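Peer 1: As a plain string of letters, each chain reads:
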Amino acid sequence: MANRTVTRADLAEAVYQEVGLSRNESADLVEAILSEISGSLVSGENVKISSFGSFLVRDKGRRIGRNPKTGEEVSIEPRRVLSFRASQVLKDRINSSLTGGS
Amino acid sequence: MIKSELIARLVEANPHLYQRDVERIVGTVFEEISAALARNERVELRGFGAFSVKRRPARLGRNPRTGEQVHVSEKFAPYYKTGKALRERLNRKKPHAV
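Here the protein sequences line up with chains A and B, keeping their order.
Numbering follows my numbering, in which position 97 of the first sequence is assigned residue number 97; successive positions increment by one, without gaps.
Just so we're on the same page, my numbering is the position in the second sequence counted from 1, plus 1000.
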């Protein structure tokens, strides 16, 4: 399987083909979608896209980590991380396509 | 924010577009990402993040209630890694500033 990588340009091309906006505007809309999602997450709001998945903002507390190379203890400061939970629809689609059964 | 709210926000920001076109645009974007993952391709959206598929090999599991061994077949799990720019924005001092 040739494992190519899909990028913004591919998404914009799909929008161009599917909807018939100009190429420029298609690219702008792809960017606007990513920017709305990012903005929501940065403001602390989770984003749920039905039949695709949810992006969840989670707060991680302070913990003591260790530099695996030196063994030195370092404090890992509280931070916010994202987790993505794929919808069952997406998981099923990927599995039925890649395992050859459903 | 859910998908319909995302569409509403985009419609508001793009008054020259019909709502049904914005719905198709949003649908197309998530469909392309899903289809790529179903082909075991990686989707890399610099700054936002990257989607990929991880293979979980077949293994022997155990029914936690009965202790019985069960065969768990190979699975594929979608995975998302936050992009660097987004990760940094999430951790700014004033995350609520635009």
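Treat the hints as calculated values from the structure; they're not laboratory data.
All of these numbers come straight from a predicted model, not from anything done at the bench.
Possibly wrong hints are sitting among the right ones.
Derived pair list, reagent style DSS-like, types lysine-lysine, alpha-carbon separation capped at 30 Å [to be verified]:
hint	chain 1	residue 1	chain 2	residue 2
1	A	60	B	1075
2	B	1003	A	60
3	A	69	B	1084
4	A	48	B	1081
5	B	1075	A	48
6	A	48	A	91
7	A	48	B	1084
8	A	69	B	1003
9	A	69	B	1075
10	A	91	B	1075
11	B	1084	A	91
12	B	1054	A	69
13	A	91	B	1081
Where chain A lies over chain B, by a calculated footprint (3+ residues, C-beta under 8 Å) [what the hints assert, rightly or not]:
hint	stretch
14	1031-1043
15	1060-1073
We treat Cβ as the ideally placed atom computed from N, Cα and C, and that holds for glycine.
Peer 1: It remains to establish, for every hint, whether it holds in the given structure.
Peer 2: Going down the list of hints, with the structure as the test:
Note on residue 60(A) and residue 1075(B): the hinted pairing holds, with a Cα-Cα distance of about 29 Å set against a maximum of 30 Å. With a C-alpha separation of about 27 Å, the suggested pair residue 1003(B) and residue 60(A) falls inside the 30 Å cut-off, and the hint holds. Note on residue 69(A) and residue 1084(B): the hinted pairing holds, with a Cα-Cα distance of about 24 Å set against a maximum of 30 Å. The straight-line distance between the Cα atoms of residue 48(A) and residue 1081(B) is roughly 17 Å, inside the 30 Å bound, and the hint therefore holds.
Distance restraint check for residue 1075(B) and residue 48(A): the Cα-Cα separation of roughly 24 Å lies within the 30 Å cut-off, and the hinted pair is therefore satisfied. At most 30 Å may separate the alpha-carbon atoms for a hinted pair to count; residue 48(A) and residue 91(A) meet this at roughly 15 Å. At most 30 Å may separate the alpha-carbon atoms for a hinted pair to count; residue 48(A) and residue 1084(B) meet this at roughly 21 Å. For the hint linking residue 69(A) to residue 1003(B), the alpha-carbon distance of about 44 Å lies beyond 30 Å, and the restraint is violated.
About 33 Å separates the Cα atoms of residue 69(A) and residue 1075(B), which puts this hinted pair outside 30 Å; it is violated. With a C-alpha separation of about 9 Å, the suggested pair residue 91(A) and residue 1075(B) falls inside the 30 Å cut-off, and the hint holds. Straight-line distance between C-alpha atoms of residue 1084(B) and residue 91(A) comes to about 25 Å, which keeps the hinted pair within the 30 Å bound. Simply put, residue 1054(B) and residue 69(A) have alpha-carbon atoms about 27 Å apart, close enough for the 30 Å limit, and the pair holds.
With a C-alpha separation of about 17 Å, the suggested pairing of residue 91(A) with residue 1081(B) holds against the 30 Å cut-off. A stretch counts as covered by a chain when three or more of its residues have a beta carbon under 8 Å from one of that chain; for the stretch 1031-1043 of chain B and chain A the count is 12, and the coverage holds. For the stretch 1060-1073 of chain B, the proposed coverage by chain A is not satisfied: 1 residues have a C-beta within less than 8 Å of a C-beta in that chain, short of the threshold of three.
Against the hints set out earlier in the document, violations occur for numbers 8, 9, 15.
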